[in-house]
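Peer 1: Quick mapping for you: the protein sequence lines, in order, are chains A and U. Residue numbering for the first sequence follows the numbering used here, beginning at 1 and increasing consecutively. Residue numbering for the second sequence follows the numbering used here, beginning at 1 and increasing consecutively.
Hints were generated in silico from the structure; no laboratory data involved. Yeah, the Cβ is synthetic: ideal placement off N, Cα and C, and Gly gets one too. Check before you lean on any hint, since a few could be wrong.
To be verified - The calculated lysine-lysine pairs, modelled on DSSO-like cross-linking and capped at a C-alpha distance of 27 Å, are: (1) A/K240 to U/K157; (2) A/K199 to U/K7; (3) U/K69 to A/K36; (4) U/K81 to A/K45; (5) A/K46 to U/K69; (6) U/K7 to A/K36; (7) A/K149 to U/K82; (8) A/K45 to U/K104; (9) U/K157 to A/K46; (10) A/K36 to U/K104; (11) A/K46 to U/K139; (12) U/K69 to A/K199; (13) U/K104 to A/K240; (14) A/K36 to U/K81; (15) A/K45 to U/K69.
Said to hold, decoys possible - The following residues of chain A were derived to be distant from chain U, with all beta-carbon distances above 10 Å: (16) A62; (17) Q135; (18) A154; (19) A233; (20) E236.
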Amino acid sequence: MELHVFLIPPAESARRKGPHDRIVMSSRVRLARNLKDAAFPGWAKKPERVRVLEMIRPTIEALPEMKGAFSGTMDGLSSLDKQILVERHLISREHAAKSAGSGLVLNREETLCFMINEEDHLRMQALRPGLQLRQAWATIDQADSTLEKTLNYAFSPELGYLTACPTNLGTGIRVSAMLHLPGLVLAEQINPIIQSVNKLGLAVRGLYGEGTEALGNVFQVSNQMTLGESEGAIVERLEKVLAQLIEHEENARGTLLEKKPKMVYNHIGRAYGILANAHSISSKETMNLLSLMRLGVDLGSFPGVDRSLVDELFMLTQPAHLQKQHSEKLSAEERDLLRADMVRERLRPVSRPVVPPAASPGAGLDKPAK
Amino acid sequence: MLCCICKEKEATVHLTQIAGDKMQKVDLCEECAKTKGVNDPTGFSLADLLLGLGASQEIEQAGGVTGLKCPACGFTQADFKKAGRLGCPECYQTFAEPLEGLLKTMHKGTRHAGKVPESLRQNRDLCDRLLLLQKKLNKAIEQEDFEKAAVLRDEIKQTTSRGTTPTAR
């Protein structure tokens, strides 16, 4: 099946709900695994990579949870399809650059994704909307336990799962969540927060992982250390920090509304104004403004508008998704025009933002139970 | 341009980071870039970069003069310095010494504390059990309790044959 037919339509994908999804956009747990007696993908010659791919791919396809999955080799995917997978956070940018000897298996629901011969022989990840780290870990743990019956993993009792990069050694686990933190950014509290999260041994990254900027006030928080701590302990640590981040973000929003409501509604109003009226707009500007609109939806400025509209546009306005809706090859300038057209059209039924009646400042805040 | 930390040496590491609508530029000399490490107040992606820088230097120092080479895949220490990644699972044995210090700075501990593949878990249990049975057998022989020794011998035989099945794949 062609990949673009297989993928869930953005509208449907944006409607998926999860706990605390007002701030936590998604949760992910990734495991890195390698086969014994084979060089890591970065060092292996092509025939060896192909051999590994041919060994791993059928094993994954046979998993009960991967029934009806999409399975392909990276050289069989167009660069546009690969870019779309990156924009959906299903594969890494590194994996998108791969060709023959690398592969991908993705389940129907887009909740389980296996990258074969990325940096490691196997990188498997479970994705969930909202804050669901435990569930994601349980899902991927189960898949891994089934795979280990067939695949002979490289494992050492002292060092755990052996990975191409020593930074992933041990559990090979990366637990992460994608957070929307416009309140902390507007309140200029984001830098000290990032600093203190870093001190706890966790990494904070931009929207597309390693080395990317935080477009649209979206941040990824993940564990850095993988050796000397169990998976359960890492998940628990992340959960604790995320609960605090949610609380800090809600507090920042509450304080902003109390102390500087004009500043907040000014940002939201201007964001709406530009998005609803622009005739040319870059994807970066779109994301930053959509983030403010998303905040507006959270704060009740757009009664009757669901957050999924914003989340859908977040996805649809990115370069590859936009290109996919048009048959001819678009230049960046043409994309900016078509992007603006689409956003204007989609925002036509959305009325100008209102300043909601002064509710008690804490109303509607989403604070996790401690 | 001078390093924005020590304000003495020439800055050779230039980093830009955008958070929200704020752009931050940091210009560091090599030494300050190294010492700043993970706790760099200006950032996250920066932290990774700096961690990487420190790592390769550490490896170089720990490796000393002799260049190691993995017998399984031919990967050398120079390759590791260049790529920051290893060649094959066997490399962890080959480069165990230079890696030790690196792992200490990089991770919470140096011993795996997480999941263990089921087959190895069973094996480990079997090994423990065999050791125990062997001890009992030795004791039985010592005490000339041959009846008991025979029972234990059979049990060991059984356990051993069970143990070979999961590892044979």
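Peer 1: State for each hint whether it applies.
Peer 2: Each hint tested on the structure:
1. A/K240 to U/K157: Outside the cut-off at roughly 50 Å; violated.
2. A/K199 to U/K7: Holds. A/K199 to U/K7 sits at ~26 Å (cutoff 27 Å).
3. U/K69 to A/K36: Between U/K69 and A/K36 the Cα gap is close to 19 Å, so the pair holds against 27 Å.
4. U/K81 to A/K45: holds (20 Å)
5. A/K46 to U/K69: This hinted pair holds, its Cα atoms lying about 21 Å apart.
6. U/K7 to A/K36: violated (50 Å)
7. A/K149 to U/K82: Measuring from Cα to Cα gives roughly 35 Å; hence the hint is violated.
8. A/K45 to U/K104: violated (31 Å)
9. U/K157 to A/K46: violated (45 Å)
10. A/K36 to U/K104: holds (24 Å)
11. A/K46 to U/K139: violated (57 Å)
12. U/K69 to A/K199: It is violated: about 36 Å lies between the C-alpha atoms, which goes past 27 Å.
13. U/K104 to A/K240: holds (25 Å)
14. A/K36 to U/K81: Roughly 23 Å between the alpha carbons, so the hint for A/K36 and U/K81 holds.
15. A/K45 to U/K69: holds (18 Å)
16. A62: Given a closest Cβ separation of 16 Å, the condition holds.
17. Q135: Holds: least Cβ distance 17 Å, greater than 10 Å.
18. A154: Violated, because the least Cβ-Cβ distance between A/A154 and chain U comes to about 3 Å, which does not exceed 10 Å.
19. A233: violated (8 Å)
20. E236: Answer for A/E236: holds, closest chain U Cβ roughly 13 Å.
Hint violations for this structure: numbers 1, 6, 7, 8, 9, 11, 12, 18 and 19, all remaining hints satisfied.
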